[in-house]
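*Asks:* Protein chains in written order, with UniProt numbering: chain V, 1 to 402; chain R, 1 to 434.
Since the hints were derived computationally from the structure, they do not count as laboratory data. Fair warning: there could be bad hints in the mix.
Straight line, CA to CA, 30 Å or less: simulated DSS-like cross-link-like pairs of lysine-lysine [said to hold, decoys possible]:
1) V/222 / R/339
2) V/205 / R/394
3) V/386 / R/408
4) V/387 / R/252
5) V/396 / R/339
6) R/394 / V/222
7) R/408 / V/387
8) V/401 / R/339
9) V/396 / R/415
10) V/140 / V/151
11) V/387 / R/415
Read off the chains here:
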Amino acid sequence: MEDCLAKKMEITVSEAEKRTGRNAMNMQETYTAYLIETRAVEPQTEGQCAPVDSLWRRYSEFELLRNYLSVTYPHIVVPPLPEKRADFVWHKLSADNMDPDFVERRRIGLENFLLRVASHPGLCQDKIFYSFLTQEGGWKEMVNETGFQLKADSRLKALNATFRVKNPDKRFTELKHYSDELQSVISHLLRVRARVADRLYGVYKVHGNYGRVFSEWSAIEKEMGDGLQSAGHHMDVYAASIDDILEEEEHYADQLKEYLFYAEALRAVCRKHELMQYDLEMAAQDLTSKKQQCEELATGTVRTFSLKGMTSKLFGQETPEQREAKIKVLEEQIQEGEEQLKSKNLEGRDFVKSAWADIERFKEQKNHDLKEALINYAVMQISMCKKGIQVWTNAKECFSKM
Amino acid sequence: AAGAPKPLPSSGPKSLREMPHPLATSSSEEMGPALTPSPDLLLPRSIADKDLSLPNGTPVDTSSPASSSSLLNRLQLDDDLDGETRDLFVTVDDPKKHVCTMETYITYRVTTKTTRAEFDLPEYSVRRRYQDFDWLRNKLEESQPTHLIPPLPEKFVVKGVVDRFSEEFVETRRKALDKFLKRITDHPVLSFNEHFNVFLTAKDLNAYKKQGMALLSKMGESVKYVTGGYKLRSRPLEFAAIGEYLDTFSLKLGTIDRIAQRIIKEQLEYLVELREYGPVYSTWGGLEAELSEPLEGVSACIGNCCTALEELSEDMTEDFLPVLREYILYSESMKNVLKKRDQVQAEYEAKLEAVALKKEDRPKVPTDVEKCQDRVECFNADLKADMERWQNNKRQDFRQLLMGMADKNIQYYEKCLTAWESIIPLLQDKPETK
Numbered sequence: 001m002e003d004c005l006a007k008k009m010e011i012t013v014s015e016a017e018k019r020t021g022r023n024a025m026n027m028q029e030t031y032t033a034y035l036i037e038t039r040a041v042e043p044q045t046e047g048q049c050a051p052v053d054s055l056w057r058r059y060s061e062f063e064l065l066r067n068y069l070s071v072t073y074p075h076i077v078v079p080p081l082p083e084k085r086a087d088f089v090w091h092k093l094s095a096d097n098m099d100p101d102f103v104e105r106r107r108i109g110l111e112n113f114l115l116r117v118a119s120h121p122g123l124c125q126d127k128i129f130y131s132f133l134t135q136e137g138g139w140k141e142m143v144n145e146t147g148f149q150l151k152a153d154s155r156l157k158a159l160n161a162t163f164r165v166k167n168p169d170k171r172f173t174e175l176k177h178y179s180d181e182l183q184s185v186i187s188h189l190l191r192v193r194a195r196v197a198d199r200l201y202g203v204y205k206v207h208g209n210y211g212r213v214f215s216e217w218s219a220i221e222k223e224m225g226d227g228l229q230s231a232g233h234h235m236d237v238y239a240a241s242i243d244d245i246l247e248e249e250e251h252y253a254d255q256l257k258e259y260l261f262y263a264e265a266l267r268a269v270c271r272k273h274e275l276m277q278y279d280l281e282m283a284a285q286d287l288t289s290k291k292q293q294c295e296e297l298a299t300g301t302v303r304t305f306s307l308k309g310m311t312s313k314l315f316g317q318e319t320p321e322q323r324e325a326k327i328k329v330l331e332e333q334i335q336e337g338e339e340q341l342k343s344k345n346l347e348g349r350d351f352v353k354s355a356w357a358d359i360e361r362f363k364e365q366k367n368h369d370l371k372e373a374l375i376n377y378a379v380m381q382i383s384m385c386k387k388g389i390q391v392w393t394n395a396k397e398c399f400s401k402m
Numbered sequence: 001a002a003g004a005p006k007p008l009p010s011s012g013p014k015s016l017r018e019m020p021h022p023l024a025t026s027s028s029e030e031m032g033p034a035l036t037p038s039p040d041l042l043l044p045r046s047i048a049d050k051d052l053s054l055p056n057g058t059p060v061d062t063s064s065p066a067s068s069s070s071l072l073n074r075l076q077l078d079d080d081l082d083g084e085t086r087d088l089f090v091t092v093d094d095p096k097k098h099v100c101t102m103e104t105y106i107t108y109r110v111t112t113k114t115t116r117a118e119f120d121l122p123e124y125s126v127r128r129r130y131q132d133f134d135w136l137r138n139k140l141e142e143s144q145p146t147h148l149i150p151p152l153p154e155k156f157v158v159k160g161v162v163d164r165f166s167e168e169f170v171e172t173r174r175k176a177l178d179k180f181l182k183r184i185t186d187h188p189v190l191s192f193n194e195h196f197n198v199f200l201t202a203k204d205l206n207a208y209k210k211q212g213m214a215l216l217s218k219m220g221e222s223v224k225y226v227t228g229g230y231k232l233r234s235r236p237l238e239f240a241a242i243g244e245y246l247d248t249f250s251l252k253l254g255t256i257d258r259i260a261q262r263i264i265k266e267q268l269e270y271l272v273e274l275r276e277y278g279p280v281y282s283t284w285g286g287l288e289a290e291l292s293e294p295l296e297g298v299s300a301c302i303g304n305c306c307t308a309l310e311e312l313s314e315d316m317t318e319d320f321l322p323v324l325r326e327y328i329l330y331s332e333s334m335k336n337v338l339k340k341r342d343q344v345q346a347e348y349e350a351k352l353e354a355v356a357l358k359k360e361d362r363p364k365v366p367t368d369v370e371k372c373q374d375r376v377e378c379f380n381a382d383l384k385a386d387m388e389r390w391q392n393n394k395r396q397d398f399r400q401l402l403m404g405m406a407d408k409n410i411q412y413y414e415k416c417l418t419a420w421e422s423i424i425p426l427l428q429d430k431p432e433t434k
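Could you build the full structure based on these sequences and the hints that come with them?
*Replies:* Next up, the structure:
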């Protein structure tokens, strides 16, 4: 098994830069460009480090890459991009795309995306992906030349449109249901978490007021003064500590967000299968009806209503030559249809096989990653508690000296 | 948000005739404290005989053996009052609800243990309600106007906002009433006050109150701060300083009160969000297989933190805020005493000036001016001594209060820490292979 690209190449998104340029409508726009750096991880001769290649890409190019991958590998749960716009923000965070904190978190998210793709056995071999990392000029044209947009099924955009599938694959139906629920629960979690962060921020910051009033009070006290003053200082420390605590928590939120978007990718695979199944059933149905038509023409019996049948009754029967011609056409179509159905069936089975393999891989990755995320979250909470104990213990000591 | 207040067990609605009077306790001792001064504490003649009276003519209660005198204050053992030299112990406990046809109210048990000769018995147990404490405080203010009388918890509560009969409210009040009596007990002059003695010992306090009221109506109105009249020439620096100190002090306390209230409010709002947050993890756990236990663990953990936070907010509301408010009330009553002192001094200065203007050739200063001078000096001395005592007690009280606040916060974080640390092994656990 060939190694993933991630093992052969170091990939980082190391910088973000504000740029101004002209867009497609020749209007001035501001955007952020990200620097992608790559370096071969090959055993080098002593003392020599592989050279670093780098190029700049903007978010829309990442989007283009992902769209290409989604269409080209429909059976794969394609890693998601970090959010396009800041969502689930609590009051202190900015919802502005140009905000440096948002840009920073996006930089990390984009790097994560590239690493995910590079370590995916199915995706890392892709040439377009490789060019994205290594070829600055002409990449966009290269992608468009693949004609992937034509392959893209526009029906996928109508997320909630139902297609009546007669024999749905139960596993995919369940999985689609799971992905819907997962999206719903993670959204809810992120929304409430943002509110929790907001409130916690308020609690800590109000304590800062103690600092000032203790200081003012200490000015009129003799013996109590020192104790009050130094305790007040600790209250200031306490109030300030929340900023770092909540910044760290944003990383946890980002980890959850990744899986919120992963749930969408998972749903997309289920959807593609659904459409495939639908198309298959439609093709089979079409084939069946054509065969029936053929039979009717051949035997002269009309079992089903057809406009042709009606018109021929009204305007007279066809000539045998005409009928023969029709039968021939139908037979050709039937043959084509049977071949198509055969290949569609094969396609379908292949899809299910590879999709299911990737879904299993995804499940394991998800369980591993989310467990890690929960552990990190618990560690963060533990750290916050310890800091709290420290500060209040210090304050208590100051009070004891009053 | 915090748990609903718990109602006290009630004595149930009964007709007045059926119920024994709640203030008639089981002690069968005779009523009436001894009012004769103990031989140990006889005052030097000169001070005891002084006709001390207030500006409006009401005589100062001098029947208690250790009344106003700076000399005596310094001789008292108050500064060394530790367990060994204490001879009077008072406790307030055992709140009970009484439901009568006319009203519902709470009484508290007041227990006294003492070796003082002023008390007939070594132990007393009586039941008192808030208005009895209020009465006592008024009597103390009247009879000991040169001293700082400790504050009572607030009399009126906003109906509908606070449940007067909830366990939490009653407990908070009980603690404040206990503090009130203990502060009086610790005071070398106030603890010997006649009314205090009766309060601690009388079976039927109402009868004593009525007797006192009749006396008072004969003497005139109770002491009020009379505005106008005399203008103060110059306030002694130390009292000006005390006044300024009290102004700033009560201002700062007010600010701290507002901050503490704000913190509690923010904490409760945080709690509301946390209560929604925890269960979402549980819902998620229901969707998952391998992650089910870890997610449930996190949910339970957050639940534990909610409980800890609830406890912290309750403690702050019940223990921290009331003490702050008490000290604000204390400062107010102290400022009133300072004003009275100013008035006494102003009266003296006015009389002195009047004498000087008369330009009469007198052999010595007239006695009424002398009396005024004594009044001023006694007031100043009492106030100074009380201020020193107050400052010391205040320091100890705040030290305890603030350390308590720090402690509660430490305990909150420790509870949360334990919760989070305990789920780490759960989160790291490898699932059993299927």
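*Asks:* It remains to establish, for every hint, whether it holds in the given structure.
*Replies:* Here is what the structure says about each hint:
1. V/222 / R/339: Answer holds: residue 222 of chain V to residue 339 of chain R is near 24 Å, not above 30 Å.
2. V/205 / R/394: 28 Å, holds
3. V/386 / R/408: Given that 30 Å is the threshold and the Cα spacing comes to 15 Å, the pair holds.
4. V/387 / R/252: Roughly 28 Å between the alpha carbons, so the hint for residue 387 of chain V and residue 252 of chain R holds.
5. V/396 / R/339: 37 Å, violated
6. R/394 / V/222: 12 Å, holds
7. R/408 / V/387: Judged against 30 Å, a Cα distance of about 15 Å means the pair holds.
8. V/401 / R/339: This hinted pair is violated, its Cα atoms lying about 34 Å apart.
9. V/396 / R/415: 18 Å, holds
10. V/140 / V/151: 17 Å, holds
11. V/387 / R/415: Roughly 14 Å between the alpha carbons, so the hint for residue 387 of chain V and residue 415 of chain R holds.
Violated hints, listed in ascending order, are 5 and 8; each of the other numbered hints is respected by the structure.
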